[in-house]
Each structure stands twice: as C-alpha cells, then as structure tokens.
Amino acid sequence: MVARQRVMGRYVWWFCLGTLVVNLSPSCSAVILESIYWNSSNPKFSPGQGLVLFPQIGDKMDIVCPRVRPGVVENKDPEYYRVYLVTREQLHSCSIGQSDTPLLNCDKPDRDVKFTFKFQEFSPNLWGLEFLKGREYYITSTSTSSLQGLDNTDGGVCRATSMKLVLRVGQKRMRVSAKLFITCV
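With mature numbering (1 follows the signal peptide of the UniProt record, and there is no 0) applied, the sequence shown covers -30 to -1, 1 to 155.
One thing to keep in mind: the hints can contain errors.
Said to hold, decoys possible - Calculated pairs, BS3-like style, for lysine-lysine (alpha carbon to alpha carbon, straight line, at most 27 Å):
| no. | residue 1 | residue 2 |
| --- | --- | --- |
| 1 | Lys30 | Lys142 |
| 2 | Lys78 | Lys46 |
| 3 | Lys84 | Lys46 |
| 4 | Lys14 | Lys88 |
| 5 | Lys142 | Lys78 |
| 6 | Lys46 | Lys103 |
| 7 | Lys142 | Lys46 |
| 8 | Lys46 | Lys14 |
| 9 | Lys30 | Lys88 |
| 10 | Lys30 | Lys14 |
| 11 | Lys142 | Lys103 |
| 12 | Lys78 | Lys103 |
| 13 | Lys103 | Lys30 |
| 14 | Lys14 | Lys142 |
| 15 | Lys46 | Lys30 |
| 16 | Lys78 | Lys88 |
| 17 | Lys14 | Lys78 |
| 18 | Lys88 | Lys46 |
Don't read these hints as lab results, they were simulated from the structure.
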C-alpha cells in the first residue's frame, strides 16, 4: 500500500510539473524584435504607408536615433527628431499638440540614444508604458529632420517620408495589402 502511494505521488508530482511547464511556455516565448532605426533613409518606412509591426505581449523593441560616427565624413547633415506616441487621428493628420510629451528625443547625434519598448500589459514602473493585446499604438515624428525643425508640430517627416509606425500588439499578421494602411492628405 505504501509503495503504491509513493508511485502515485511521483505521478502526481510529474503531472503538476508538466502542467506548470505547459502553462508557462507561452510567457517564455518573448522575442527581442529588430531595432527600428529612426532616420529618413530607413527603407522600412514605405512611402505613403509607414511601417506596421505585430509585437506580442512580452516582446521588446528599440527605436534608435540617428548617429553621426566620429571621424567619419557623412554626405548628409545629422538628423534630429522628437518621436511621439500619438493617437490614430494625430498619425493620419501628421500633427501633434504643443503639450504632447516625446517618447524619444533624437537631439544628440554624437551619442547613442534609443527608446526600448517592453510590450507588457502591466508595468511595475509608474511612468512605464502598458500595452493591451488586440489594440493598436501609433508612433511618429513631425520634426523636419533638421535642428531648426526639431520642434515642428505639423507635417515634417511624418508627411514627407512616411516616418510613422503602427504597433498591432498581440495581433496576427494578415495577408491584406499594406496599401490599405494609411494615406495622408
């Protein structure tokens, strides 16, 4: 009788362990997504469309500011941006309000500057971003890419070069034409 209880106890222990592993495995599937380089020469920003990504809860992604490498002569001027998390309406109109706070200030081209997104439903940080599965989030810049146009609030690279990003959190990539995404008037 005691031997049978021990064997039964082992089966229960293995069953509980297996159930725990199976239940935790989706949360262990977080991915570090490819960084988005926020500059006007990034070909991922499709003309008239921007860029659409499908991060999942638990994933991480960086938006990286343009950098001028010391000692390297570039053919173009440094680029400067303020990058904002905006509403859908702001993304379509390529405009932000004076009171909107930037997520990322790309105003130091001689330094490595980035913003890391951790796609989580709850943030332990009081000022941390929280993302809900099934929702869309919008990121853009209305700067003109020049230092003088850093604080521009209308148009800028959002309109000129479609530097806008849609994050469809927790959604599956559909095989619908990307041309349905965004058009700016």
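Can you name, in rising order, the numbers of the hints this structure does not satisfy? Of the numbered hints, 5, 6, 7, 12, 15 and 18 do not hold.
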